[in-house]
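With the sequences and hints as input, model every part of the structure.
Residue numbers (this note's numbering), protein chains in the order written: chain E, 1 to 101; chain D, 1001 to 1170.
To be clear about the criterion: a stretch of chain E counts as covered by chain D if any three or more of its residues have a C-beta under 8 Å from a C-beta of chain D, and this derived list gives those stretches: (1) 6-12; (2) 16-29; (3) 40-47; (4) 50-56; (5) 61-75; (6) 83-92.
Straight-line distance between alpha carbons at most 25 Å, and here's what the computed DMTMM-like set of lysine to aspartate or glutamate pairs gives: (7) K1083/D / D92/E; (8) K1083/D / E1022/D; (9) K1127/D / E1117/D; (10) K1126/D / D1048/D; (11) K1083/D / D95/E; (12) K1114/D / D7/E.
Selected chain D positions facing chain E (in silico; Cβ < 8 Å): (13) G1029; (14) F1051; (15) F1055; (16) L1074; (17) A1158.
Think of the hints as simulated: they come from the structure by calculation, not from any bench. The structure displayed is predicted, hence computed values, not measured ones. The beta carbon of each residue, even a glycine, is placed where N, CA and C say it ideally should be.
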Amino acid sequence: MTNALIDFVLVSVALLAIGIYGLSVKRNAIRMLFAVEMIVNSANLNLVAFARFIPNSQGQTLALFSIAIAAAEVAVGLALIIVAYRMYNNIDIADFRSLKG
Amino acid sequence: MVDSIFLALSVLTIGSAIVALEIRSLIYGSIGLMLTLSGIAGFFLLLDAPFVAMFQLSVYVGSIAVLILFTVMLVRRELIFNKIEDSRRRYAGIGLMIIMMLGIGTIIIGSGLKSMETDTASVDYKKIGEDFLTYYSPALIVMALILASAVIGALALARREDVTSDQRTD
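Laid out in structure tokens, this is it:
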């Protein structure tokens, strides 16, 4: 294998930094969900990369669990965004002022 | 040294991640997110983890990205093309991103990870299946319950309470 571990880790760091930029700058709720997805994916990439280079299989198993949990998280997050959109008629998170029903 | 496939994949992944956050239309943004997730799946293939790569493709690209695309289409048209951010925050965010990249990057380059290469064969994906059904089977059951409850919770959250059954036209 020609690629070293550090290349994958650097790509993962770049993706993490982009995701944190998106989370801190964007006020659009759906775009913030994009940023969360990028952060989760950089973590998954790290898991699989370290599992390849150690090598063992637990890293891949943990990455599979992480992908499944992220799917559940996105489903709930999108439902929350839809509820908030119906309530405030906007997806700007600065408009989501109260958590009261 | 890295090969050309790795370079192309990293350009695709990082570039479409930036596009997903910065392009004006949310629909093109979700397509950019789809490309980012496919790029990550390509990295998994490079790392000799075909099972995780197929899982990533089917779960992320197949379901999550499509779910996001449909949610975007539910939102009003002028909100899709509306970029809401203030420019000072944006410059601070770009600064934070560059500081994080350079800081964590220098730490990682300076650490001992650089010498870590492997010549051993990769783990057979049959081992993952055996792990799932033997050692990790309680965790697998718990994860199935979590997924089911999350989906039911999402359905219950997104249900419209103002529409009763006698108002429906069908």
